[in-house]
Amino acid sequence: MQLIQTVTVGAGGAASIVFSSIPQDGTDLILLISARTSLAQTAPALLSITLNSQGSSRITLKALGATVTSTSTVAGRAIAINAGNSTANTFSNTSIYIPNYTSTTDKPASIDTAVIANDSTNILIGTDADSFPLSAAVTSITITENANNTIVQNSTASLYKITKGSGGATVS
Amino acid sequence: MADDYVALANVTLSASATTVTFSSISGSYRDLVFVASDLKTTPNAGNINIRFNGTTTEYRGVRMTGDGSAAQSATDGTDRINKAANTPNAGSEMLILHIFDYAQTNKHKLCLLRTDNATTRTETAVWRWVNTAAITQVQFFLSANSYASGTTFALYGIRA
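Protein chains in written order, with our numbering: chain H, 1 to 172; chain Z, 173 to 332.
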């Protein structure tokens, strides 16, 4: 696994985090995010993630406080993160695995998210099954807050590539 | 700097197959990670099964599943690791199997199994293989159906 790029949000925050010109010599991608938004609420907020500007459909399984739910969404925001009025110094963590990112077929993604706070009703753990209808290799990834809020300073995102091996298995 | 996430094997099926076997796995790593993608079966009914070293006893697990409308959990104790049956071809299905301390001979083996299909469900499970033997073989198999051509299985070793 090799690091492609790390983006760290500076003073003043950022509307989005962008990875562009993603090298095409790997097999899978892993994106690790630590983020918080300026949105003035205590409940978890949501960021959107797009591949080549394309959103996804998804099935979500999450526990928010003591409540477990599963929802199905077509397009819309995806990643739960700590909001601006949540416990200070707490940033959510998200792991996104995208296999076969250079293929010309739809891109599935496996997403794990954790949002932590002192307020037990706003603690969240979630798993998402995503599918991006993208019949092209992934060349860019964009993580976006909405127009009126920012991803705050010290949020980070690191993109890694994994390169497959060959052989080593028997098929019957 | 050496890559500590080492690609060990990879196969893309050129024809349908009932079993994909990784054998003679080196004991040189801390953990193993298997990634299956473009996972489809013929016919469209996937209850993917996994066994270690060909053993048919003592796999125990718990899974939580979301299908887009309901969240469920279930325990399982059986002769294989498996995921809840679904129709994998309905979407683009992927699987990640992370086996911790697979080569250690002083502990039972714990693994996390994640299967995701944005059309049918997301599922996370933890399984215990009640055996202290080092894992040298991993089989992915289907009882009645076949993995379809184009399904890919990859194996990675994580260095300690």
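No lab work stands behind these hints, which were simulated from the structure alone.
A portion of the hints provided could be inaccurate.
Unchecked claim - The list that follows gives simulated cross-link-like pairs (lysine to any residue, SDA-like), each with its CA atoms no further than 25 Å apart:
| hint | chain 1 | residue 1 | chain 2 | residue 2 |
| --- | --- | --- | --- | --- |
| 1 | H | K164 | Z | Q309 |
| 2 | H | K164 | Z | S186 |
| 3 | H | K161 | Z | A187 |
| 4 | H | K164 | Z | Q311 |
| 5 | H | K164 | Z | D248 |
| 6 | Z | K279 | Z | D248 |
| 7 | H | K164 | Z | F313 |
| 8 | H | K164 | Z | S196 |
| 9 | H | K161 | Z | R202 |
| 10 | H | K164 | Z | A187 |
| 11 | H | K164 | Z | R202 |
| 12 | H | K164 | H | L32 |
| 13 | H | K161 | Z | D176 |
| 14 | H | K164 | H | I4 |
| 15 | H | K164 | Z | K279 |
| 16 | Z | K279 | Z | T308 |
Quick caveat, the model's predicted, so the values are computed rather than measured.
* Return the numbers of the hints above that this structure violates; sort them in rising order. => 3, 5, 15
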